[in-house]
Amino acid sequence: MKLMTYLCLMITLVLITIPTQADTTHIAVASNFTGAMKELIHVFEKSSSHKVKASYGSSGKIYAQIKHGAPFQIFFSADQAKPFALYQQGLTAEKPFTYAFGALALWSSHPDVQHNELTRLQANDFNKLSFANPKLAPYGIAAREVLENLNLIQATQKKWVQGENIAQAYQFVGSGNADLGFVALSQVKNKTTYWSVPSKLYSPIRQDAVLLSSGPNMSSGKNDTAANAFLQFVHSEQSQAIIESYGYTAKRKLLEDTGAIQ
Amino acid sequence: MMLSAADLGAIWLTLKLATTVTILLLIIGTPIAWWLARTQSWLKGPIAAIVALPLVLPPTVLGFYLLIAMGPNGFIGELTQSLGLGTLPFTFWGLVFASIIYSMPFVVQPLQNAMEALGERPLEVAATLRAGPIDRFFTIVLPLAKPGFITASILGFAHTIGEFGVILMIGGNIPDETRVVSVQVYDHVESLEYAQAHSLSALLLIFSFVVLLVLYWSQRKTANVGVMK
Chain A
70 MKLMTYLCLM ITLVLITIPT QADTTHIAVA SNFTGAMKEL IHVFEKSSSH KVKASYGSSG
130 KIYAQIKHGA PFQIFFSADQ AKPFALYQQG LTAEKPFTYA FGALALWSSH PDVQHNELTR
190 LQANDFNKLS FANPKLAPYG IAAREVLENL NLIQATQKKW VQGENIAQAY QFVGSGNADL
250 GFVALSQVKN KTTYWSVPSK LYSPIRQDAV LLSSGPNMSS GKNDTAANAF LQFVHSEQSQ
310 AIIESYGYTA KRKLLEDTGA IQ
Chain B
84 MMLSAADLGA IWLTLKLATT VTILLLIIGT PIAWWLARTQ SWLKGPIAAI VALPLVLPPT
144 VLGFYLLIAM GPNGFIGELT QSLGLGTLPF TFWGLVFASI IYSMPFVVQP LQNAMEALGE
204 RPLEVAATLR AGPIDRFFTI VLPLAKPGFI TASILGFAHT IGEFGVILMI GGNIPDETRV
264 VSVQVYDHVE SLEYAQAHSL SALLLIFSFV VLLVLYWSQR KTANVGVMK
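Chains A and B are the protein sequences, given in the same order. Here our numbering is used: the first residue of the first sequence is 70, the next is one more, and so on. Here our numbering is used: the first residue of the second sequence is 84, the next is one more, and so on.
Worth double-checking, as some hints may not be accurate.
[Claimed, not checked] Distance condition first, Cα-Cα at most 25 Å in a straight line; then the derived BS3-like pairs of lysine-lysine:
id, chain 1, residue 1, chain 2, residue 2
1, A, K115, A, K136
2, B, K229, B, K304
3, A, K107, A, K258
4, A, K228, A, K107
5, B, K304, A, K227
6, A, K228, B, K304
[Claimed, not checked] Covered stretches of chain A, going by a simulated chain B footprint (3 or more residues, C-beta under 8 Å):
id, stretch
7, 201–214
8, 222–235
9, 271–281
Since the hints were derived computationally from the structure, they do not count as laboratory data. For each residue, glycine too, the CB sits at the ideal point set by N, CA and C.
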């Protein structure tokens, strides 16, 4: 009797696990891309039998987890450096590719500052300026570059507050604690007012993704049909349009703009 | 050990924060613990629960509410602004305020336990010798509850050193103002500077172990003397 129960349990378990393993891909996504990724997954799952399970977090944490055997098949990073480092260490199945270009915006939640974001910044007329820590986030590096190009580093330095990521930089402004902040355009796309920073003021914020190879705990990314199907979907016109609607510049658009890519 | 100037700055800031918070908490926590130890009021339960809240709440929840409450539109922010102090987030005193709330149970509870363990007897005896309430508190309660004060100081200090989530939420990562050791370790890890992260983390690990060792050692000593039950 006991043996029968055990067998039944085993069979049920096997039946449950086999299809999910074949059809579900686990991906790790940089938090700034959360909104766009949720929609991408939603649209993808409508047209596909495959499922995508996404974990959102900071790229640095995800990188460390992947290095230590986290069972992710695709890594959508907020920068280029981390996917490239994984690639160099032989932990990926393919070369990384750029899935989105981030854009920067100067934003305020304070009614007095709104519509005058740039003038206030240049006049040094604000209490605090929030942006992501340049050491940790590519959006932070871009914000610093903008300040450099506007010759405002010296003047504003004392008023800097830095979030550990772009979400926190946003929070400091959103809660009213900082008058101004450099945030991702994707975060303020639906707000009525912000200064969309001209892209010539900072180097492109390239967000790279990479298909990961098999580690001790993962099924190989390369042989994973769900992972490959999802990657193919990300490259599609439809996905690129979704990505753009969230305030990123997609690869397709950039191709048209510059006439070349690589 | 490879500690940069920024690391040393973070260590100094952390020690300054923990010392300030511990001293202030002993001043604020003692009357609260004394009241909790003695009162028969129905308010005892609610107040004890509020003091213990940070034990249960995730630091992110506490930090999130503090960021809002201490902001220009929050009730604490409006109070500090009307007092001409500006707003507290992104300042050292903002961290002190948040840490006092966050470490409160670690100071109040050991004090309360020590004071409850005294019982009525020593105080009644002192009263028959015409000692007033204030006299009794300083000559009977404080000396007899000394082990409680030692435990409370060590725990309050150590817990503030280990604080991370709340500071991350309200600090803004400003060097020598709000960038404490735990945030500095986080920055190192996130920017893949694992060697520097190791140095600072090892230091924190050793520090925490020594602190707890001292704590248990001092408790055993007092237990042997038989002051605390």
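Status of the hints after comparison with the structure:
no.	hint	verdict
1	A:K115 - A:K136	violated (32 Å)
2	B:K229 - B:K304	holds (13 Å)
3	A:K107 - A:K258	holds (16 Å)
4	A:K228 - A:K107	violated (35 Å)
5	B:K304 - A:K227	violated (50 Å)
6	A:K228 - B:K304	violated (50 Å)
7	201–214	holds (count 3)
8	222–235	holds (count 5)
9	271–281	violated (count 0)
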